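Novice: Here the structure of chain A is known, so what remains is to put chains B and C in place on it, guided by the hints.
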Amino acid sequence: MLSNLFSIGIGHYLFVSGALFVMGMLGVLLRKNILVILMSIELMLNAVNVAFVTFAYYLNDVNGAVIVLFVIAIAATEAAVGLALVVLLYKNFKEVNIRFFEHLKG
Amino acid sequence: MGSDLFEISVNIGKMLGIFLLMVQMVPLLVWVERRGSAFIQNRFGPNRVGPLGLTQLLADAVKFLFKEEFRPPASVAFLYYAAPVLALIPGALAFASIPLAPPFEVTFNGQTYKFLFQVFDLGIGIVFVLGISSLGAYALLFAGWGSGNKYSLMGALRASAQMISYELALGLSLVGILLIFGTFSFSEMVEMQRGPLSFTFLGQPTTISFLPNWGIFYQPLGFILFFAATFAETNRAPFDLPEAEAELVAGYHTEYGGLKMLMFYIGEYGHMMVASALATTFYFGGYELPFGSESLQQSFSPLAYSFILFGCFLTKVLVFLWIFIWVRWTLPRFRYDQLMDLGWKTMLPWALFNTVLTAVVVVLFHSSGS
Amino acid sequence: MAEVVIFYVFSAVTLFGALGVILHPNPIICALHLVATMCGIAGLFFGLNAPFIAAVQLMVYAGAVMVLFLFVVMIFNLKQEGKHIFSPGQFTNGLKVLFGGMFAGLLLSSILFKINNFGYLTPDKAAPQFEVKNIAKVMFTDYVFSFEILGLLLLVIPIGTVALSRVRGGTHAK
Chain A
3 MLSNLFSIGI GHYLFVSGAL FVMGMLGVLL RKNILVILMS IELMLNAVNV AFVTFAYYLN
63 DVNGAVIVLF VIAIAATEAA VGLALVVLLY KNFKEVNIRF FEHLKG
Chain B
232 MGSDLFEISV NIGKMLGIFL LMVQMVPLLV WVERRGSAFI QNRFGPNRVG PLGLTQLLAD
292 AVKFLFKEEF RPPASVAFLY YAAPVLALIP GALAFASIPL APPFEVTFNG QTYKFLFQVF
352 DLGIGIVFVL GISSLGAYAL LFAGWGSGNK YSLMGALRAS AQMISYELAL GLSLVGILLI
412 FGTFSFSEMV EMQRGPLSFT FLGQPTTISF LPNWGIFYQP LGFILFFAAT FAETNRAPFD
472 LPEAEAELVA GYHTEYGGLK MLMFYIGEYG HMMVASALAT TFYFGGYELP FGSESLQQSF
532 SPLAYSFILF GCFLTKVLVF LWIFIWVRWT LPRFRYDQLM DLGWKTMLPW ALFNTVLTAV
592 VVVLFHSSGS
Chain C
85 MAEVVIFYVF SAVTLFGALG VILHPNPIIC ALHLVATMCG IAGLFFGLNA PFIAAVQLMV
145 YAGAVMVLFL FVVMIFNLKQ EGKHIFSPGQ FTNGLKVLFG GMFAGLLLSS ILFKINNFGY
205 LTPDKAAPQF EVKNIAKVMF TDYVFSFEIL GLLLLVIPIG TVALSRVRGG THAK
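Residue numbers (my numbering), protein chains in the order written: chain A, 3 to 108; chain B, 232 to 601; chain C, 85 to 258.
This is chain A alone, in the form it adopts within the complex (with noise of 0.2 Å):
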């Protein structure tokens, strides 16, 4: 186990990538700030960004890395419209918490 920390394989960056999928899904179930959730999506993203790198450095294959870039333009997209509703709701509610709008009451 010991020679393993020293010889770096795929495992290790899949062990990353796993422990930061985990962190943004815990993120975005437990906190309570809209734009806190946002960023934890993004995390969870980044972490499928990683493993898609990974493997495509390990197996030697360039789709891997075609579907990151799309992954990541995607991503942005996705944040410039959360964001914007974010501040649409802000601007309505002056309120950031999740728990405020859990009734759908408008």
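The hints are simulated quantities; they were obtained by calculation from the structure and are not laboratory data.
Source: prediction; values computed, not measured.
There may be inaccurate statements among the hints.
[To be verified] SDA-like mimics (lysine to any residue), calculated; alpha carbons at most 25 Å apart, straight line:
hint, chain 1, residue 1, chain 2, residue 2
1, C, Lys221, B, Asp352
2, C, Lys217, B, Phe412
3, B, Lys345, C, Asn133
4, B, Lys381, C, His108
5, C, Lys221, A, Phe57
6, C, Lys217, A, Phe57
7, A, Lys96, B, Gly379
8, A, Lys96, C, Ala247
9, A, Lys93, B, Leu388
[Stated by the list, open to error] Quick list of simulated restraints, FRET-style, between CB atoms:
hint, chain 1, residue 1, chain 2, residue 2, range
10, B, Gly488, C, Leu103, 29 to 39 Å
11, A, Lys96, C, Gly235, 33 to 43 Å
12, C, Val88, B, Leu247, 24 to 34 Å
13, C, Gly235, B, Leu588, 17 to 27 Å
14, C, Ile159, B, Leu452, 32 to 42 Å
15, B, Ile554, C, Val93, 36 to 46 Å
16, B, Thr561, A, Lys96, 40 to 50 Å
[What the hints assert, rightly or not] Just some of the chain A residues that point at chain C, by a computed CB distance under 7 Å:
hint, residue
17, Gly29
18, Val38
19, Ala67
20, Ile74
21, Val89
Beta carbons are placed, not taken as given, at the ideal position from N, Cα and C, and that holds for glycine.
Specialist: Chains B and C alone, transformed into the frame defined by chain A:
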């Protein structure tokens, strides 16, 4: 970093050298700026201390160093101190990846090394520089938020919005030059700009011997857009809204003084230097001489030749730096909505037009290639 | 040796940044931690021999998306959330932490225990899978339809965003 100890130590030395070059240029530029602005506005400028006021720089440096260390009580300590340091890093890293002169061979301990006049030669030069320089916005945001001051925050918000908006126009104006040269690497790009202007026109190889093979002759519109966008990226006049003193005191560095203020200055001039070096590399042939480089190469040793071309590069960069100063003291400042309109409604469409036009031209003229 | 150092340094930056994002009560500090995470991930990509993707990550995430996030948070000028940064309700919260922890344990332990099974995967360091020309070749042949759709998305999203956040009045009022 390098394959053995010699190469690694040389690279670290080069990194230090580039950083010191950047830092040492700043007092000179400040002097040029003050004297130049005085010249433009028909004043005298600093002329008391030393010949031509040159030792004013030294006096300024001493004054900056001995200012009292002060942190406003409402500030966030970490961000307040991190911001000036962060202002230096992107400029230095970006400058380190630009080739300053042609490489030459060195023999040490029986091994032959290729000495590059740049710290690292990444194959993806342009993307790296764009990525690193986009981190420059954080110095302003950290300073603006960390100072705990309303005016600082307003300046930082303006600056970050401006940088994001103009980064689009900047990136798109570079697409044209990428399509022409077909490479991301700075050194390959400079290699391609050697010799007289030659291109394939309707299947006929054409050479115009009285013009150098520089990017500006392929991309005049792209150059104008790029240069205008760099003014906004470096937060220089006429786009220096983030530090508009009539509205925002001094913008994001209102609460800074002494050495920390000096670091912001160095960062700003560093950005100017990177912008000038990029404009030189993309559009004005980098370190290549316009004419007569073959005869020079034959009559000098490789080392001397490299240093002569380094002087050529430095001259071009200094011309651009002077244009930066000239524009600052000539044009009035934009209003904020005018700035945003210019970025989104004028420069972005023109940059898109330039991209499409270049793509069409490349397809029409270079269709035989590869 | 260099790759070991790169991996540990950047994965430490990444994971501590991510922890800061989900644990810090102040959204601005969360965003700053996320910036650190993005830079760490770019470093990991660099360690995986993909400098182009690392630079794109820096440019898009650290340079654009996170600046937007910080911009919004700073405009709102949000105060600290206080003690309850997580949703109220002891029972549901405990349930969420429990299931999150279970999922985390499942994922991470499965990777940990199977680490040795991947030993046969040895990357070809000279392989050009991350060179820009190869990426472009695949992107404009195999993925050209997705690329076009992405272009359409990038057209629709700004229009939608502008329509969402349009304000009457201001400096542009007619």
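Novice: Under 7 Å is the threshold here; is the Cβ of Ala67 of chain A close enough to any Cβ of chain C for the hint to stand?
Specialist: Given a least distance of 5 Å, the restraint on Ala67 of chain A holds.
Novice: Using the nearest Cβ pair, does Val89 of chain A come within less than 7 Å of chain C?
Specialist: 6 Å, holds
Novice: Quick one, are Lys217 of chain C and Phe57 of chain A close enough, alpha carbons at most 25 Å?
Specialist: OK: Lys217 of chain C and Phe57 of chain A at ~19 Å, within 25 Å.
Novice: Does the alpha-carbon distance linking Lys93 of chain A and Leu388 of chain B stay inside the 25 Å limit?
Specialist: 18 Å, holds
Novice: Taking the Cβ atom of Ile159 of chain C and the Cβ atom of Leu452 of chain B, is their distance within the range 32 to 42 Å?
Specialist: Cβ of Ile159 of chain C to Cβ of Leu452 of chain B: about 35 Å, so the range 32 to 42 Å holds.
Novice: When you take the CB atoms of Val88 of chain C and Leu247 of chain B, is the distance between them in 24 to 34 Å?
Specialist: 26 Å, holds
Novice: For the hint on Ile74 of chain A, just tell me whether its beta-carbon gets within less than 7 Å of chain C.
Specialist: 5 Å, holds
Novice: Would the hint linking Lys217 of chain C and Phe412 of chain B be met if the CA-CA limit is 25 Å?
Specialist: With a Cα-Cα distance of about 14 Å, the restraint between Lys217 of chain C and Phe412 of chain B holds, given a limit of 25 Å.
Novice: Is Lys96 of chain A within 25 Å of Ala247 of chain C, Cα to Cα?
Specialist: Holds: Lys96 of chain A and Ala247 of chain C sit about 20 Å apart, inside 25 Å.
Novice: Quick check: does the Cβ-Cβ distance between Thr561 of chain B and Lys96 of chain A fall within 40 to 50 Å?
Specialist: 45 Å, holds
Novice: Between the beta carbons of Gly235 of chain C and Leu588 of chain B, is the distance compatible with 17 to 27 Å?
Specialist: The hinted range 17 to 27 Å holds for Gly235 of chain C and Leu588 of chain B, with Cβ atoms some 19 Å apart.
Novice: Verify the proposed pairing of Lys381 of chain B with His108 of chain C, using a straight-line Cα cut of 25 Å.
Specialist: Satisfied, since the Cα-Cα distance of roughly 24 Å is no more than 25 Å.
Consistency note: the structure conflicts with none of the earlier hints.
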